[in-house]
Amino acid sequence: MHIHAYEKLWLALSIVLILALIGTVTYGAVGPGVAMVADSQSTIDPAALDEDERFSEPRVEQVGENEYEAYVVARQFGFQPDPIVVPANSTVTFYVTSADVIHGFEVVGTSANTMVVPGEVSEITVETDEPTEYGIVCNEYCGAGHHVMQGKLHVVSQSQFENRGGDSA
Amino acid sequence: MSTALESERTFVDKFPDEARVVRAAFLSSFFALFLGAVFGIIQTLHRTDVARIIPSTDYYTVLTAHGVFMVISFTIFFLVGLFTWAITRSLDRPLLNIKITWTWYGLMATGMTLTGVSILAGFVDSIDMSADVLYTFYAPLQAHPLFYAGLVVFIVGTWIAGADWFRTFLAWRRDHPDERIPLQTFMVLTTMTMWYIASSAVAASVLLFLLPWSLGFIDQVNPTLTRTLFWFFGHPVVYFWLMPAYMLWYTVLPKIAGGRLFSDPLARVVFVLFVLLSTPVGIHHQYLDPGIAEGFKFISMTNTMFLLLPSLLTAFTVVASVEYGARKNGGTGLLGWLTHLPWRKPEFTGMMLAGLMFAAGGFSGMVNAGMNINYLIHNTLWVPGHFHLTVGTAVALTMMAGTYWLWPQISNKPIYSSQIGLFQVVLWFIGMALMSNAMHAQGLLGVPRRTAEPEYSGFDYPTMFGGFEELNIQIAIGGTLLFVSTILFLGNLVLTMGNPTASGLAETLPTPVSGPEDAPQVLDNLRLWVSIALTLVVLAYALPLAAIINRGGLLGPGVGTYPVWLAPLFDALADAAAPLLGAVTDASAALVEVGR
Ligand code: HEM
Ligand SMILES: [Cu+2]
Ligand SMILES: [Cu+2]
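Protein sequences appear in the order of chains A and B.
Going by this note's numbering, the first residue of the first sequence is number 1, and it counts up by one from there.
Going by this note's numbering, the first residue of the second sequence is number 1, and it counts up by one from there.
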């Protein structure tokens, strides 16, 4: 087959580009350890969340020094808890599940973003910085009230977090 | 060079029956484009809060209609029309049996009507029927059974269409045992091969799970499984939209530019690559899904990146072919040749602008494909920003531009106004540049897609790229220009149909610079490519599907049903349908009698 010289060059450059793209993603995965939402959690009965140890009472819990876990339930058309209150400068792992249909969980303006599928638990870990407030939106269509489905993430100082009282339930 | 005799006869002169089918398919396609554009402008003005003429809860009926009419009806009806033309033209023989041809057209039209009715019924409160599930119909949101049934009928129609073209090809093969498959026929056959593989999954999902579930035969489905089966189909379908555009870029655009296709063998390589690579990548739409292992996502990501190759090759070949035409007509210099091109012709300018936007879409697509950067933009308005460049322009604008060239060939009617045509394609380009750019930018701010009211009470978007409000204005202006452009296209076509027929409109397609004789014979070995493609699909999907079923069970981990339609009237409907079905059976029996 006759291939023009320029065409060969183009082909070579294309393949370099493709390998470079694969390379950057691979580096992102194994280098700085950008974790993906994956199948690390086992399945769950979405109709029986109220019997589940983690999701019967959606909340934020301390699990280690500077380590926290947030158990979040998405359902038509809101998130629990709301707001989700977490301490600054800490590691927070979100476990998000749905009580009904497929939803999304997006902390606006960040890459904390996951699908929320009934029967599955999405796990995402983030590092918080300074105290601030973020919006949370459901970014997957979930029914006629989808556009009202929002929540808040409050990153507060350690002392405020300890004095937060009952507002995380 | 074409023979004088050939150039005197247009496609419709030679193949009047086939031309009628092509026209019918195109008109169905453009009717869907019209509906899609009406819903498109309604939702654009709604979500940007410029004008809200519907309650926000109806937004999702509009969005479902826009998605389904644009990417299922508009694109696929155009494809079957174009492929019917291409097979007949390039094999230079009529289809085997035009009745079969009309049968598949009829099935597609019926199926789409059923699905369309089930969607539009969502606007009428007194009809307990709706299908507000968007074009991705993710369970456990549930549509009326008619929605799924219509989709199946439509897809079966496309399968028969493919069979029709394959049979015509085989008949040609018996008469021409040693010839190379003509290029356009090759494109049709490879594209349809891909389609059979891809659509089998969505057909299985609908027939085994969604339709029985919507009819109440099973209580629940596995949402991850049906979602995965959807995306098994959902990625290759984008190439199903794109291949008609590629066919026009490879075979018609060089001719309009005054030249010839650069390389026939490379074109074949590109289509073979699509057969091989377009399916084992669908999981890239599920990077953010729980319940799917990271390894599977990674495999899908690497395949996706390789899928850039055929499009990069296409960019080269198409530009080289156009440049060849320009230089043949006196163009010189590094870029000076660009002035020796027929920019006044809407069919040329439209396709070139479409190609340019496709390149931009390719860049934003690389971001989507990057498994980690994807987290920033997944399900934000970035994504519609991306695919309005690809399917919404590379495909849609090429189809409109192609129509300016093709319609005279299939009707013997000259286009009403080339000036309006030229204005229309440029307007589309400007409108899309505005709308898509602002959509990308809003996506980066975190503005979600698929929502009636993207402004939330609880927080404000960060101010970057001009800010949320300003970008909304750009989206609204862009969308309005697109709507006007669509209406101009359709108006021009209607006026064209009112033109008296003329003679001397015939155009032929030149042979490539480097012809099929340069292409290794193995490229035409479709059996080989099908078996490799199937192997790759099994490799990419067997384990993920097994893992999903293993986790959640075939029918899901206890997930319920969330109809976005109401049940009671359905029983009444079924009662009403029973006698109707009886009547149809009787009528067909009678027909069979008459047939004897
Ligand atoms: C008249 C020109 C058009 C306008 C004004 C328009 C506008 C829009 C807008 C604003 C959205 C985003 C809605 C949302 O996510 O809330 C959208 C979605 C979409 N558009 Fe268009 N569009 C046009 C043409 C097209 C064309 C030509 C195609 C394809 C051939 C197309 C395919 C789609 C699809 C598939 C979606 C996604 C639907 C979904 O999320 O379920 N559009 N369109
Ligand atoms: Cu939602
Ligand atoms: Cu894809």
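FYI, nobody ran anything at the bench for these hints, they're computed from the structure.
Remember, it's a predicted structure, so these values are computed and weren't measured experimentally.
Just so it is clear, CB atoms sit at the ideal spot from N, CA and C, and this is done for glycine as well.
It is possible that part of the hints are untrue.
Some chain B residues near chain A, calculated using beta-carbon distances under 7 Å [claimed, not checked]:
hint, residue
1, Ser56
2, Gly106
3, Ala293
4, Glu294
5, Leu312
6, Met371
7, Tyr375
8, Gly446
9, Thr451
10, Glu455
11, Gly552
12, Leu555
13, Thr561
14, Tyr562
15, Pro563
Among all the numbered hints in the text so far, which are the ones the structure does not match? Result: hints 2, 10, 12, 13 and 15 break, sorted rising.
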